[in-house]
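Chemist: Sequence:
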Amino acid sequence: MPETSPNTFTGYQKFIIAILAIVQFTVILDFMVLSPLGAILLKELSITTAQFALVVSAYAFSAGAAGLLAAGFADKFDRKKILLFFYAGFIFGTLLCGIAPDYEFLLMARVVTGIFGGVMSSISFAIITDLFAIQFRGRVMGFVQMALASSQVFGIPLGLFLANLYNWHAPFQMIVGLSIVVAVVIFMYMKPIDAHLKLQNKANAFQHLKAIFSNPNYLKAFAATTLLATGGFMLMPFGSAYGVHNLGIDITQLPYLYMVTGVCMLFTSPMLGKLSDQIGKFKMFIAGSVITSIMTLIYCNLGVTPLWAIMILNVLLFVGITGRMISASALMTAVPEPRDRGGFMGVNASVQQIAGGVASIIAGLIVKETSSGYLDNYDTLGNVVVLAVFLTIFLMYNLHKYILTKPVAVVTAVPETRETV
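The sequence shown begins at 1 in our numbering and counts up by one.
One or more of the hints may lead you astray.
[What the hints assert, rightly or not] The list that follows gives simulated cross-link-like pairs (lysine-lysine, DSSO-like), each with its CA atoms no further than 27 Å apart: (1) 274 with 406; (2) 14 with 81; (3) 210 with 81; (4) 14 with 76; (5) 14 with 274; (6) 220 with 401; (7) 220 with 283; (8) 406 with 76; (9) 220 with 210; (10) 220 with 76; (11) 401 with 210; (12) 210 with 406; (13) 80 with 210; (14) 406 with 283; (15) 80 with 14; (16) 191 with 76; (17) 274 with 401; (18) 14 with 191.
[To be verified] Derived DEER-like restraints, expressed as beta-carbon distance ranges: (19) 398 with 253: 40 to 48 Å; (20) 84 with 371: 45 to 53 Å; (21) 406 with 50: 40 to 48 Å; (22) 15 with 250: 38 to 46 Å; (23) 256 with 192: 40 to 48 Å; (24) 135 with 267: 17 to 25 Å; (25) 99 with 214: 39 to 47 Å; (26) 251 with 371: 15 to 23 Å; (27) 394 with 84: 34 to 42 Å; (28) 294 with 401: 20 to 28 Å.
Just so you know, these hints were derived from the structure itself, not from any lab.
Beta carbons: idealized from backbone N, C-alpha and C, even for Gly.
Turn these sequences into a full structure, and let the hints steer you where they fit.
Modeler: Written as structure tokens, this is what we have:
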């Protein structure tokens, strides 16, 4: 089927981009809302920073295990059916979080949510790879990554508002309601995505998984993903507690910090995606890594700081992080062969989640909470993150060289009348 022209997407492709962005919004919000709720949960559930880190990593570890188990089957079914199956499980897990009465139940609920939610990004990326050519995926990733910004603009502030107005269960209940609506729209309007089924051989799921792990280029990609996940998972779990107790932000001001950052990301994410396609995805990755490193070192060494200054620094930090994620995601989609896309994305997501879970636990061991709530060793945590960022550049460079040697893949786009974007 024909590829899209450089400056246009079909109406259906626009729908795909929008619905995948909304799916990512709900999944990311479910994960990210734990960070701003951290200051509340530490008090309400009477838990330590290490126990809270375990709640975060429980999602990551279960997501990693589920991704590995699902990877062998991911290319054997229509991607729409796989998307709906795991999204339904994610909704159920989030509902359990919304009714959790204590720490132990919440921990179990996060495991269930991770089993299903952790696979969602890999399915979405497989769909994007099936429907969009590599030279346009930076733009597509830019729009889909707006889910992160949207969760900060709308989701996290609203979640914190509901948590302060009612209780910490309310944000999860809000996510459940929205996700049910999204699932119905996918069921009714998304077309089957099954062209990859024609490329499958007769190997069973375990043989397919073994073949993925036997590919040296895939292993290099998984190694890069391991380090790529380290930074976000290390800084994110304690972000709200650090802001409140170290930087002097009032807990009622946290929604404004996330909202301002998110609004800026809504505007910059599409631009970063388009720029990634124009100047090259690896160049964008380097630029994002440099910005991330500089801002991390500054941010993690702050004392009590005015809110306006924290907002500026936080925006710049997320510009760097978003630039890295958009370009890295677009590069990763070019690594697998068409017949391996679902399986590769599943394993890659698993590696990311497991690495993130380990990183979250390590962060919980590095950071220590004093009796006043102040977090010690946050500067050390920042140094570890920066080291991981620079090591990732070398791994991504090897992937970049490999991708340049590959022929351009044919995209299975749905032919429709072109609409300019």
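Chemist: Work down the list of hints and note, for each, if the structure agrees.
Modeler: How the hints compare with the structure:
1. Distance check on the hinted pair: residue 274 and residue 406 sit about 22 Å apart at the alpha-carbon level, within 27 Å; holds.
2. Proposed proximity of residue 14 and residue 81 is supported: the alpha carbons are some 20 Å apart, at most 27 Å.
3. Annotation: proposed proximity of residue 210 to residue 81 holds, straight-line Cα distance about 24 Å (limit 27 Å).
4. Using a Cα cut-off of 27 Å, the hinted pair residue 14 and residue 76 holds, with the two alpha carbons roughly 26 Å apart.
5. For the given pair, residue 14 sits about 16 Å from residue 274 by alpha-carbon distance, which is consistent with the 27 Å threshold.
6. Restraint check for residue 220 and residue 401: satisfied, since their Cα atoms lie roughly 12 Å apart, inside the 27 Å limit.
7. Between the alpha carbons of residue 220 and residue 283 the distance comes to roughly 19 Å, so the proposed pair stays at or under 27 Å and holds.
8. Proposed proximity of residue 406 and residue 76 is supported: the alpha carbons are some 24 Å apart, at most 27 Å.
9. With a C-alpha separation of about 16 Å, the suggested pair residue 220 and residue 210 falls inside the 27 Å cut-off, and the hint holds.
10. Simply put, residue 220 and residue 76 have alpha-carbon atoms about 24 Å apart, close enough for the 27 Å limit, and the pair holds.
11. For a cut-off of 27 Å, the pair hint linking residue 401 to residue 210 stands: about 25 Å separates their Cα positions.
12. For the given pair, residue 210 sits about 22 Å from residue 406 by alpha-carbon distance, which is consistent with the 27 Å threshold.
13. The suggested pairing of residue 80 with residue 210 holds, with an alpha-carbon distance near 24 Å, which does not exceed 27 Å.
14. Taking the CA atoms of residue 406 and residue 283, the gap is near 19 Å; set against the 27 Å cutoff, the hint holds.
15. Of the pairs offered as hints, the one joining residue 80 and residue 14 holds, with about 16 Å between alpha carbons and a cut-off of 27 Å not exceeded.
16. Proposed proximity of residue 191 and residue 76 is supported: the alpha carbons are some 17 Å apart, at most 27 Å.
17. Restraint check for residue 274 and residue 401: the C-alpha separation of about 21 Å stays at or below 27 Å, so the hint holds.
18. Straight-line distance between C-alpha atoms of residue 14 and residue 191 comes to about 13 Å, which keeps the hinted pair within the 27 Å bound.
19. Checking the proposed 40 to 48 Å range against residue 398 and residue 253 shows it holds: the Cβ atoms sit about 43 Å from each other.
20. In this structure the hint that residue 84 and residue 371 lie 45 to 53 Å apart at CB holds, the actual value being about 48 Å.
21. For the pair residue 406 and residue 50, the supplied restraint of 40 to 48 Å holds, since their beta-carbon distance comes to about 44 Å.
22. Here the CB-CB span from residue 15 to residue 250 is close to 41 Å, well matched to the stated 38 to 46 Å.
23. Against the hinted window of 40 to 48 Å, the Cβ-Cβ separation of residue 256 and residue 192 comes to about 44 Å, which satisfies the hint.
24. For the pair residue 135 and residue 267, the beta carbons lie near 23 Å from each other, so the given range of 17 to 25 Å is met.
25. Against the hinted window of 39 to 47 Å, the Cβ-Cβ separation of residue 99 and residue 214 comes to about 44 Å, which satisfies the hint.
26. Restraint check, residue 251 to residue 371: a C-beta distance of roughly 18 Å satisfies the suggested window 15 to 23 Å.
27. One distance hint, 34 to 42 Å for the beta-carbon pair residue 394 and residue 84, holds here, with the actual separation near 39 Å.
28. Between residue 294 and residue 401 the C-beta distance comes to about 26 Å, which sits within the given range of 20 to 28 Å.
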